[in-house]
Amino acid sequence: MDTQTLIYLFVGASFALYIGIALWARAGSTKEFYVAGGGVSPVVNGMATAADWMSAASFLSMAGLIAFMGYDGSVYLMGWTGGYVMLALLLAPYLRKFGQFTVPDFIGTRYYSNAARVVAVVCLIFISFTYIAGQMRGVGIVFSRFLDVPIDLGVIIGMAIVFVYAVLGGMKGITYTQVAQYCVLIFAYMVPAFFISFMVTGNPIPQLGLGSTVNDGSGMYVLQKLDLVLTDLGFTEYTSGSKSMIDVFCITMALMVGTAGLPHVIVRFFTVPKASDARKSAGWALIFIALLYTTAPAVAAFSRLNLIDTMNETSYAEAPGWFKKWEANDLIVWRDKNADGKVQIAKGDAFKGKPEFTDGAGASGERVVSNEAVADNANELYVDNDIMVLANPEIANLPGWVIALVAAGGLAAALSTAAGLLLVISSSVSHDLLKSTFRPDISEKGELLAARLAATAAIFVAGYLGIYPPGWVAQVVAFAFGLAAASLFPAIFMGIFSKSMNKEGAIAGMISGLVFTFGYIFYFKLMVDPAMNVADNWFLGISPEGIGVVGMVINFAVAIAVSKMTKSPPVEIRKLVDSIRVPRGAGEAHVH
Amino acid sequence: MADNSPEHETSAAEGAYWRENIRLLVTLMTIWFACSFGAGILFRGFLDQFMIGGYPLGFWFAQQGSIYIFIALIFYYVVKAKQIERKYDLDD
Chain A
11 MDTQTLIYLF
21 VGASFALYIG
31 IALWARAGST
41 KEFYVAGGGV
51 SPVVNGMATA
61 ADWMSAASFL
71 SMAGLIAFMG
81 YDGSVYLMGW
91 TGGYVMLALL
101 LAPYLRKFGQ
111 FTVPDFIGTR
121 YYSNAARVVA
131 VVCLIFISFT
141 YIAGQMRGVG
151 IVFSRFLDVP
161 IDLGVIIGMA
171 IVFVYAVLGG
181 MKGITYTQVA
191 QYCVLIFAYM
201 VPAFFISFMV
211 TGNPIPQLGL
221 GSTVNDGSGM
231 YVLQKLDLVL
241 TDLGFTEYTS
251 GSKSMIDVFC
261 ITMALMVGTA
271 GLPHVIVRFF
281 TVPKASDARK
291 SAGWALIFIA
301 LLYTTAPAVA
311 AFSRLNLIDT
321 MNETSYAEAP
331 GWFKKWEAND
341 LIVWRDKNAD
351 GKVQIAKGDA
361 FKGKPEFTDG
371 AGASGERVVS
381 NEAVADNANE
391 LYVDNDIMVL
401 ANPEIANLPG
411 WVIALVAAGG
421 LAAALSTAAG
431 LLLVISSSVS
441 HDLLKSTFRP
451 DISEKGELLA
461 ARLAATAAIF
471 VAGYLGIYPP
481 GWVAQVVAFA
491 FGLAAASLFP
501 AIFMGIFSKS
511 MNKEGAIAGM
521 ISGLVFTFGY
531 IFYFKLMVDP
541 AMNVADNWFL
551 GISPEGIGVV
561 GMVINFAVAI
571 AVSKMTKSPP
581 VEIRKLVDSI
591 RVPRGAGEAH
601 VH
Chain B
14 MADNSPEHET
24 SAAEGAYWRE
34 NIRLLVTLMT
44 IWFACSFGAG
54 ILFRGFLDQF
64 MIGGYPLGFW
74 FAQQGSIYIF
84 IALIFYYVVK
94 AKQIERKYDL
104 DD
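If you read the protein sequences in the order shown, they are chains A and B. 164 is the number that our numbering gives to position 154 of the first sequence; each next residue is one higher, with no gaps. 54 is the number that our numbering gives to position 41 of the second sequence; each next residue is one higher, with no gaps.
It is possible that some hints are incorrect.
Unchecked claim - Some, not all, of what chain A presents toward chain B, calculated at C-beta under 7 Å:
1. Y231
2. Y303
3. V592
What the hints assert, rightly or not - To give an idea of the chain A side of the interface with chain B (calculated C-beta under 10 Å), a few residues:
4. M96
5. Y248
6. F259
What the hints assert, rightly or not - Away from chain A, derived, C-beta distances all over 10 Å, residues of chain B:
7. A25
8. R36
9. F59
By construction, these hints were calculated from the structure, which means they are not laboratory data. In this text, a Cβ means the ideal position worked out from N, Cα and C, and glycines have one as well.
From just these sequences and the hints, can you work out the full model?
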């Protein structure tokens with residue numbers, strides 16, 4: 011069977027599996043819709059959390075990002091795992107003990123105020139929509155790359171699939187499809203990684219391979235050789251990185267705290283039976299995530315080495331098949347600046363901006379772009395970040411079914427995250443806005459119907475954002491973390507660890523953290539010339555990616571100052587905090 | 014807890030349990046900070062002169078080690094927190 015047929019087969023089979031699971035796990039009550047009935051085992055929930063967490067960006071783009079960032083890529087590795095320690099130790103067990111359905115539920119009840127609840131809903135919707143637009147776009151891109159359909163049609167197919175299992179199954183359907191999606195995506199990630207590691211180092215375990223010697227008889231360690239090769243070509247050392255220490259520190263912190271404050275992650279811990287299970291579940295989630303996250307840096311280093319080894323000073327005519335295939339798919343561009351027919355790799359951009367392909371062919375038969383060439387460096391190669399994972403199976407000469415598996419894995423990663431996000435959006439609308447704020451007399455059936463309608467509406471909005479991505483989506487999708495760190499995390503944290511934090515403080519804190527962080531990002535990313543977005547102009551040298559940390563500090567400071575000047579919370583709230591702190595008596599998730 | 018006084022009092026067992034829990038949390042979060050922000054970022058330059066296999070040590074902490082330590086921290090807390098809760102008869 012040819013590769014294309016295999017891809018259709020694998021993707022089709024995985025979709026059939028997800029829909030089958032959704033039909034089997036239909037939600038019959040709001041409790042099943044919001045928290046899967048509250049009886050999910052910690053291991054199963056850990057696996058679902060891992061799939062929920064790892065998006066198309068983790069699966070496709072992260073290894074490529076690290077490959078080009080070297081040490082600086084550590085911000086993603088530590089940032090997107092360290093947040094689970096905060097979740098397990100500081101938030102998850104207490105929120106589970108509290109035992110309601112959503113994050114705004116906790117904030118609204120703990121701060122005895124519908125205003126606080128609505129502020130939390132606004133933060134949640136803002137964070138989740140910035141995140142989900144990127145996911146739907148990701149679904150479309152994976153479709154277009156592997157299945158040869160236009161991106162827009164890919165988005166629509168993705169919407170239809172998510173519609174079936176998110177709207178029908180709610181949290182229950184999503185949980186069990188995410189378990190299946192985790193299995194697909196991790197298998198798809200690991201198989202090529204084993205082969206690449208074996209090919210480069212002779213050790214099939216990527217985590218060990220990255221610390222081993224290269225398999226070329228030179229006796230050099232992988233990282234040593236990579237440093238040497240890169241400095242020869244004029245790049246900075248792979249193990250050194252080029253971001254300032256304070257920026258690396260702040261970005262890592264913003265990603266960690268943001269992870270702990272992301273509503274679609276937190277809500278997964280409402281689905282386990284007990285408070286102590288929430289801790290365990292976070293541990294399992296991190297194990298499942300770590301499998302991919304400790305492999306990614308190895309894949310990154312191997313592919314960077316491979317790319318340079320294979321392509322530098324190689325004539326275009328002799329380039330391997332994968333090079334031309336991904337060139338045909340717009341992910342690789344070679345611009346022969348010195349007209350010698352060979353590919354040169356060096357520091358700097360080959361040309362300005364994203365490639366704009368034209369119809370003609372160059373002297374060696376390569377595809378031509380209309381972008382203006384950058385003349386002050388010798389680099390001739392443009393490579394999209396995603397290529398490192400996408401091209402792996404072909405670089406390692408793996409059979410067609412592995413390529414098909416990677417396609418199914420990329421789709422699983424994008425769909426599982428999109429579904430999780432859709433669910434928190436719909437439950438915050440039907441539960442927090444409708445049931446708790448505006449229509450408290452709504453019946454159980456009515457609320458379930460509202461949840462389904464809200465999920466449907468959210469899918470259409472997400473699909474629209476995926477098909478017509480506004481400029482800001484690509485710009486701010488990474489900032490969902492900064493916003494979560496600056497708004498929701500401090501409010502939840504103080505709600506548990508401080509008995510004197512009151513509603514005035516929490517609301518003022520959330521608003522000031524959100525406004526400051528959003529304002530800073532908006533200013534540097536959308537208002538000023540991109541040339542102004544450099545360290546010299548940043549506050550303390552902190553980039554917009556890391557500014558969520560400052561927003562968080564502002565949130566804490568404002569909240570504490572305001573709470574000192576206003577009335578302390580009522581006695582019932584102090585009792586509530588006491589009861590959240592002890593695990594005893596955590597029933598199933600229920601409405602208070 | 015039958016507590017009708019306007020000033021709510023936390024029970025002695027709950028107070029002692031919470032203080033012990035906080036002490037444990039402070040210790041674990043210190044390790045969390047030390048392995049990631051400490052070894053992986055602030056002291057990376059110094060640690061990179063040592064090697065662990067083919068990894069410079071600081072680089073290893075940043076891209077591998079801190080993740081393993083995170084997992085160990087969570088499972089240590091799972092066990093330890095349970096013990097503390099049992100000690101004060103507050104487990105679930």
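Hint check results:
no.	hint	verdict
1	Y231	3 Å, holds
2	Y303	6 Å, holds
3	V592	5 Å, holds
4	M96	8 Å, holds
5	Y248	9 Å, holds
6	F259	5 Å, holds
7	A25	12 Å, holds
8	R36	13 Å, holds
9	F59	12 Å, holds
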